[in-house]
Amino acid sequence: GAVVSQHPSWVICKSGTSVKIECRSLDFQATTMFWYRQFPKQSLMLMATSNEGSKATYEQGVEKDKFLINHASLTLSTLTVTSAHPEDSSFYICSAHGLDYEQYFGPGTRLTVT
Amino acid sequence: KNQVEQSPQSLIILEGKNCTLQCNYTVSPFSNLRWYKQDTGRGPVSLTIMTFSENTKSNGRYTATLDADTKQSSLHITASQLSDSASYICVVRWSNDYKLSFGAGTTVTVRA
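First to last, the protein sequences are chains V and C. 1 is the number of the first residue of the first sequence in the numbering used here; add one for each residue after it. 115 is the number of the first residue of the second sequence in the numbering used here; add one for each residue after it.
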């Protein structure tokens, strides 16, 4: 149980375009999902907390207009990187909050902006 | 200052040998402490989870210890295998909310 999936697993996009990453809780309902970014050889950094049916809460320094988060259902949250630039290239990981109040991590999405 | 410090930053061991990774934290009050294994290009996978009252927890060849008084934890890998090559991350959950504090991780490389 407590499986979280992400799609796509990797994506390459051109600078200036937007890309959407999906995060799904497959076997449980998640009222809260989290989005992390991880640069090479660094640990996960929390970007934002996504609550179903309400606006996401962004961490300090994260541009909410650039990283659009939508949590439209109890099993799906999406992260859209708008007008992507090469410096947005990173590994994006989501996690979902289960009923046991623990976070379950997805497999991650590798974004490369050329 | 990071509230979860891990050491060493990286280590190389020969297949079959044991190793111990360290985690010191200052998060207080904390709910639980987890060790995750993260393979390159993959999401973290939970190895062990310990609450305040637990001193040790095993998962196969992985054994974690916790000393809540000194705020230290360790992860011991026994009889290492090539597949153990990964980053091991110590994560502490705050008790007053859902937020997690992550260590920077220890990169373990197992060589034949």
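Rather than coming from a laboratory, the hints here were simulated on the basis of the structure. The beta-carbon is built from N, C-alpha and C at its ideal position, and this holds for glycine as well. Do not take every clue at face value.
Said to hold, decoys possible - Restricting the straight-line Cα-Cα distance to at most 25 Å, the calculated cross-link-like pairs of lysine-lysine (BS3-like) are:
1) V:K64 - C:K131
2) V:K66 - C:K213
3) V:K20 - V:K55
4) C:K185 - C:K171
5) C:K213 - V:K55
6) V:K20 - C:K185
7) C:K213 - C:K171
Said to hold, decoys possible - With the Cβ distance kept under 8 Å, some of the chain V side facing chain C (calculated, not the full set):
8) H97
9) Q103
10) F105
11) R110
Results of checking the hints against the structure:
For the hint pairing V:K64 with C:K131, the CA-to-CA distance comes to about 47 Å; that exceeds 25 Å, so the pair is violated. Proximity of V:K66 to C:K213 is assessed by CA-CA distance (about 23 Å); at most 25 Å being required, the pair is judged to hold. The hinted pair formed by V:K20 and V:K55 meets the criterion: a straight-line CA distance of about 17 Å does not exceed 25 Å. Of the pairs offered as hints, the one joining C:K185 and C:K171 holds, with about 16 Å between alpha carbons and a cut-off of 25 Å not exceeded.
Annotation: proposed proximity of C:K213 to V:K55 holds, straight-line Cα distance about 18 Å (limit 25 Å). With a CA separation close to 40 Å, the supplied pair V:K20 and C:K185 exceeds the 25 Å bound. Between the alpha carbons of C:K213 and C:K171 the distance comes to roughly 22 Å, so the proposed pair stays at or under 25 Å and holds. The interface hint given for V:H97 is met, as the beta carbon of that residue sits about 6 Å from the closest beta carbon of chain C, less than 8 Å.
The interface hint given for V:Q103 holds, since its Cβ lies 6 Å from the closest Cβ of chain C, which is under the 8 Å cut-off. Restraint check, V:F105 versus chain C: the minimum CB separation of about 4 Å is within 8 Å; hint holds. A distance limit of 8 Å between C-beta atoms decides the matter here; for V:R110 the minimum to chain C is near 6 Å, and the interface restraint holds.
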